Amino acid sequence: MKRPTRRATPGPGLSIAGLLITVLLVMSTIPLMVGALKMIDVGEEFLRVKIEEQQIQEADLLAAELVRQHQMAQASLKELSSGLHFLMMSTLTPEERKERITAAIEDVFRRVPWQALELRTTSEEVYRVRAESIPQRGLGPAWETTFQQALLNGETVAILPAGTRSDLVALYGYRYGGGETATVVALGALDTRPFQRVILQRTSPGRYVFVLQNVPPYRVLISNDPAGIPVGQPLHQAHPLAGSTAALNRSYTVTYAGKSVRVLGAARPLPELNALLIVETDMQNALAVVRQMARTGIQWAAGVTLITVLLALIAARFLSRPIRRLAQTTHQIAETRNFHRRLRVQGLQEVRILKVAFNRLLDEIQAYVRKLEDKAEENRRLFYDSIKMLAAAIDAKDPYTRGHSERVSRYARTIAQFMDFSDEEIEKVYLAGLLHDVGKIGIQDRILQKPAALTDEEYEIMKTHPERGYKIMKEIKQLADVVPGMRYHHENWDGTGYPFGLKGEQIPLIARIIAVADTFDAMTTDRPYQRRMPAEKAVERIVMLSGRRFDPKVVQAFVQAYEQGAFQVISEVEAPEWLEAIEVPLGSTSPGGPEDPPGRRSGSAGGGL
Numbered sequence: 039m040k041r042p043t044r045r046a047t048p049g050p051g052l053s054i055a056g057l058l059i060t061v062l063l064v065m066s067t068i069p070l071m072v073g074a075l076k077m078i079d080v081g082e083e084f085l086r087v088k089i090e091e092q093q094i095q096e097a098d099l100l101a102a103e104l105v106r107q108h109q110m111a112q113a114s115l116k117e118l119s120s121g122l123h124f125l126m127m128s129t130l131t132p133e134e135r136k137e138r139i140t141a142a143i144e145d146v147f148r149r150v151p152w153q154a155l156e157l158r159t160t161s162e163e164v165y166r167v168r169a170e171s172i173p174q175r176g177l178g179p180a181w182e183t184t185f186q187q188a189l190l191n192g193e194t195v196a197i198l199p200a201g202t203r204s205d206l207v208a209l210y211g212y213r214y215g216g217g218e219t220a221t222v223v224a225l226g227a228l229d230t231r232p233f234q235r236v237i238l239q240r241t242s243p244g245r246y247v248f249v250l251q252n253v254p255p256y257r258v259l260i261s262n263d264p265a266g267i268p269v270g271q272p273l274h275q276a277h278p279l280a281g282s283t284a285a286l287n288r289s290y291t292v293t294y295a296g297k298s299v300r301v302l303g304a305a306r307p308l309p310e311l312n313a314l315l316i317v318e319t320d321m322q323n324a325l326a327v328v329r330q331m332a333r334t335g336i337q338w339a340a341g342v343t344l345i346t347v348l349l350a351l352i353a354a355r356f357l358s359r360p361i362r363r364l365a366q367t368t369h370q371i372a373e374t375r376n377f378h379r380r381l382r383v384q385g386l387q388e389v390r391i392l393k394v395a396f397n398r399l400l401d402e403i404q405a406y407v408r409k410l411e412d413k414a415e416e417n418r419r420l421f422y423d424s425i426k427m428l429a430a431a432i433d434a435k436d437p438y439t440r441g442h443s444e445r446v447s448r449y450a451r452t453i454a455q456f457m458d459f460s461d462e463e464i465e466k467v468y469l470a471g472l473l474h475d476v477g478k479i480g481i482q483d484r485i486l487q488k489p490a491a492l493t494d495e496e497y498e499i500m501k502t503h504p505e506r507g508y509k510i511m512k513e514i515k516q517l518a519d520v521v522p523g524m525r526y527h528h529e530n531w532d533g534t535g536y537p538f539g540l541k542g543e544q545i546p547l548i549a550r551i552i553a554v555a556d557t558f559d560a561m562t563t564d565r566p567y568q569r570r571m572p573a574e575k576a577v578e579r580i581v582m583l584s585g586r587r588f589d590p591k592v593v594q595a596f597v598q599a600y601e602q603g604a605f606q607v608i609s610e611v612e613a614p615e616w617l618e619a620i621e622v623p624l625g626s627t628s629p630g631g632p633e634d635p636p637g638r639r640s641g642s643a644g645g646g647l
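Residue 39 is where the sequence shown starts when you use the numbering used here, and the numbers rise one by one after that.
These are calculated hints, taken from the structure and not from any lab test. Note that the coordinates shown come from a computational prediction; the quantities given were computed from them, not determined experimentally. Heads up, a few of these hints could be off.
What the hints assert, rightly or not - Label-pair distances were calculated between CB atoms; the ranges are:
1) Asp79 with Met110: 45 to 51 Å
2) Tyr497 with Ala573: 25 to 31 Å
3) Ala276 with Thr241: 23 to 29 Å
4) Phe124 with Leu190: 19 to 25 Å
Ideal Cβ positions, reconstructed from N, Cα and C, are used throughout, including at glycine.
Go ahead and model the full structure; you've got the sequences and the hints to work with.
In structure tokens:
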């Protein structure tokens, strides 16, 4: 009688159950601590994101409101200057004209807080309202400068200090008319308090908001905190966002009142005012509540953790060494995938049981992996053979294009290699080349095998083969990244291709590669409607079409591959034995389906329909 095989079992040893129970009871507090800290981190991150979103929204609203205030002021000047221009061209007497323009100016004063207005004409007519405030505030030279700049540039605006440090005024100038007609220049001094109100009314607590002149020395024009950021004075130090000409959102460190502050800043250029709006949030203060919660949680968790660590250290003296060796060996097996290696550790009873079970598991894994590898290779060969069989069956309809799909796939693969594609991407390009004409399986033989020029109706039918191929293959998930190469390989770089007229980068890169490979094969093989041309001539022709029909980057890789000898013309691809049994229907002296019949195919440009 055959004796049963004795199973390998570990010898008796010290159980770790008692130690694990004690340690786990204490260490159950650690997940709670980690969870609490994680929740605090998540809360802080959530709050930071919300603060950033609110700040961005606030900066956009403030910038839009400041621009709106500026546009209102500018529109009023345009209204006055254009009104005076047309009044000068009317038949009104000077007294009537003065009466009307004075009424218009008074109406503007009711709508826009101008401090002073003045209209001048080339006929030396001058209309002034409250002009005495200009010399009183020391703005006479700036007023005349604004007039000259308006004459020269058409319009101008500048915000200047007027007396005290916090007292600013915006000077506007606008010219209307010119040439043979009279020129009218409207000048205005605008109180900046409307701009100040926009900042103060819309600003959220805990934020610094100020507007700078967007040219050195970056003087502060408007501020919601004049004590910390004084109006009319340059900033004490170079600001990270000063001089920005585009909207920015980022964090940085600044110094206010001698204290370094980490802030989240948003800059919005105001080119209409030659200024820059900056909104800043002190992140330390904004997140203070969350951080206080974190500190409290850490303090409570620290005491519990200390007890847990002390007890865990006692247990670790008995457990760490064998478990560490076990873990190291397991990691090495996982990293190297060397399933031939076996665990050799000694320790407590449970560790030895784990060793025996794990070694047995490795045996099973090793055998299973070997089977999977064999099966995967078999499936891969079957998949590729099926794809090649399908492509060869389509090519077999035309003896002139037999082997066309295989050649195109090889050319495309070579181009992809010279474009530094990964192995996986190269494989997808190769499959797309094999399947690029699969849609021709749905084209009638009378069209495919017609040696003469296609009619308009036949040509339109022939042009449907990329979409037909897409519909055939789109349901195969494994070909999801391959299908675009089939569907769009007749799209041209300049947008003149089909079926959708895509242009430039709109065309998937895989399809742009297939297009070059397809064209090269069409030009270097004999067809009923054309004789093959030398490879050098075909390369020259493709280079000529770069930027129009083909992607210049793909053409560059194609030329590089050809010049280095990696791209050789495959004159004939050996067909499988089963393909020799396929009979090509007869019906003309030149059977087969030329890809580009004369009159409706690419001809000298190469490439198939």
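We went through each hint and held it up to the structure:
1. In this structure the hint that Asp79 and Met110 lie 45 to 51 Å apart at CB holds, the actual value being about 47 Å.
2. Checked against the hint of 25 to 31 Å, the pair Tyr497 and Ala573 passes, with Cβ atoms roughly 29 Å apart.
3. Distance hint check for Ala276 and Thr241: the Cβ-Cβ separation is about 24 Å, which falls inside the suggested range of 23 to 29 Å.
4. For Phe124 and Leu190, the Cβ-Cβ distance of about 23 Å falls inside the hinted range of 19 to 25 Å, so the restraint holds.
The structure meets every hint from the earlier list without exception.
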